[in-house]
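**Q** Chain by chain, the residues:
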Amino acid sequence: MKTDNEPISITVEYFAQLRACAKKKEETHNLEQGDLSALYARLKSQYHFPLERHSVHVAVNDEFASWDTVLRSGDRVVFIPPVSGG
Amino acid sequence: MKTDNEPISITVEYFAQLRACAKKKEETHNLEQGDLSALYARLKSQYHFPLERHSVHVAVNDEFASWDTVLRSGDRVVFIPPVSGG
Amino acid sequence: MSIFQITRDPIDLASLRSTLLDSGSGGFVSFEGWIRNRHNGREVLRLEYEAYDKLALTEGSRILAELRNQFGLSGIACIHRVGLLEVGEVAVCVAAAAEHRRECFEAVSLAMSSIKRRVPIWKHEFYADGGDAWVQCDHDH
Amino acid sequence: MSIFQITRDPIDLASLRSTLLDSGSGGFVSFEGWIRNRHNGREVLRLEYEAYDKLALTEGSRILAELRNQFGLSGIACIHRVGLLEVGEVAVCVAAAAEHRRECFEAVSLAMSSIKRRVPIWKHEFYADGGDAWVQCDHDH
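Those protein sequences? They're chains A, B, C and D, same order as listed. Going by numbering that gives the first Met the number 0, the first sequence wraps up at 85, each residue one higher than the last. Going by numbering that gives the first Met the number 0, the second sequence wraps up at 85, each residue one higher than the last. Going by numbering that gives the first Met the number 0, the third sequence wraps up at 140, each residue one higher than the last. Going by numbering that gives the first Met the number 0, the fourth sequence wraps up at 140, each residue one higher than the last.
For the record, the hints were derived by calculation from the structure and aren't laboratory data. Heads up, a few of these hints could be off.
When the alpha-carbon atoms are kept at most 20 Å apart in a straight line, the in silico SDA-like pairs for lysine to any residue are as follows [as the list claims (entries may be wrong)]:
#, chain 1, residue 1, chain 2, residue 2
1, B, K24, C, A132
2, B, K22, C, H123
3, D, K115, A, H56
4, A, K22, D, F125
5, D, K115, A, K22
6, B, K24, C, E47
7, B, K22, C, G82
8, A, K43, A, V11
9, A, K22, D, E49
10, B, K24, B, V59
11, A, K24, D, V81
12, D, K53, A, K43
13, C, K115, B, H53
14, C, K115, B, D61
15, C, K115, B, S83
16, B, K43, B, E5
17, C, K53, B, D74
18, D, K53, A, I79
No experiment lies behind these values; they were computed from the predicted model shown.
Build out the structure end to end from the sequences listed, making use of the hints.
**A** Following this line, the structure appears as structure tokens:
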């Protein structure tokens with residue numbers, strides 16, 4: 000059984016302007032356990048995302064999730080910038 | 000020049016349930032001068048129209064008219080039962 | 000552009016739509032009135048619509064022109080069919096295009112209310128039980 | 000019946016409509032979103048729509064199923080196009096059928112508002128002046 004400090008591996012997929020900033024469609028991250036807001040803060044800093052967290056939604060494994068969701072190894076995360084369909 | 004008592008000739012055209020009651024599409028009437036409400040009262044009595052005047056509209060020469068419009072010779076009158084298009 | 004038409008033939012929906020195409024418009028709303036198989040609990044076999052053509056065209060055109068101005072539509076059009084119609088056929092189509100969608104929804108919805116209230120067209124329903132009736136729409140479906 | 004679809008091909012409007020045909024329905028409303036030649040005063044050359052397909056389908060289907068129940072529709076369907084679109088092309092179509100027309104207007108209008116707010120689809124606009132932008136629709140057109 001994993002301990003709380005064991006690193007996990009997750010996949011992040013990017014869309015729209017976040018993909019343009021990250022310059023990639025998806026990538027795998029190995030990181031300490033933490034929640035979605037910590038992950039977004041890290042990536043925002045790394046890729047200079049122009050969007051504050053409050054204007055972004057997030058999905059884990061293809062369902063909307065709350066920012067305090069704790070990540071588990073194997074999770075697939077998508078940050079959702081303001082949508083503009085229709 | 001006509002006097003006020005000279006008889007006039009008008010055409011009446013029937014639609015929907017009024018045509019069904021009158022059993023005709025149109026007819027010519029020679030009558031004393033009078034307004035549209037007098038004409039409707041006369042035809043309602045003659046053909047047993049089931050519609051009171053307040054639920055009927057009327058047009059003269061292809062435009063809506065008010066019931067106190069006085070008829071002139073040559074006028075073409077259409078009584079308009081409750082409409083149900085659409 | 001606003002056009003009100005009456006036809007005895009099946010309504011050409013594609014042609015109605017194409018008259019409204021406009022590269023400055025981002026929204027298009029179309030309403031179709033279909034002949035239902037039931038009315039007030041009775042099974043409907045077919046309907047006959049009849050119009051006082053001349054005044055119907057005048058009044059219908061007036062309604063559409065008013066709405067076009069009121070909502071700044073790029074266009075609005077209506078075709079109403081008359082004569083014998085079977086269940087499932089299209090009795091009327093109203094469509095509008097505008098910069099944004101809200102005006103289209105409002106205008107088409109109001110057009111239908113006004114047409115049903117003001118345009119001299121009548122519906123004669125024939126039922127499976129052998130009866131028939133001149134429909135009186137006092138309320139607004 | 001409620002169906003939400005995403006396609007890379009031109010939207011087949013006639014086929015969308017035919018999935019909703021229903022002899023118990025008297026009203027049918029269809030909305031189309033067209034690519035406009037201008038946005039915020041800039042001349043638009045073309046757009047690229049991109050979708051997070053899996054969640055877009057889940058969320059879109061959820062929206063339509065909710066509206067179908069809420070308004071007792073006989074059916075509601077939506078097709079959203081993604082990929083490169085030119086001015087004048089149809090980006091999205093939502094259509095609904097019901098016994099009476101009011102439910103159709105309400106449902107299609109609400110469907111569009113919810114889709115624009117909740118479904119993960121993004122619009123990338125390319126302008127005649129050489130610029131481009133990811134559109135952010137915070138307000139509701």
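**Q** Among all the numbered hints in the text so far, which are the ones the structure does not match?
**A** 5, 12 and 16
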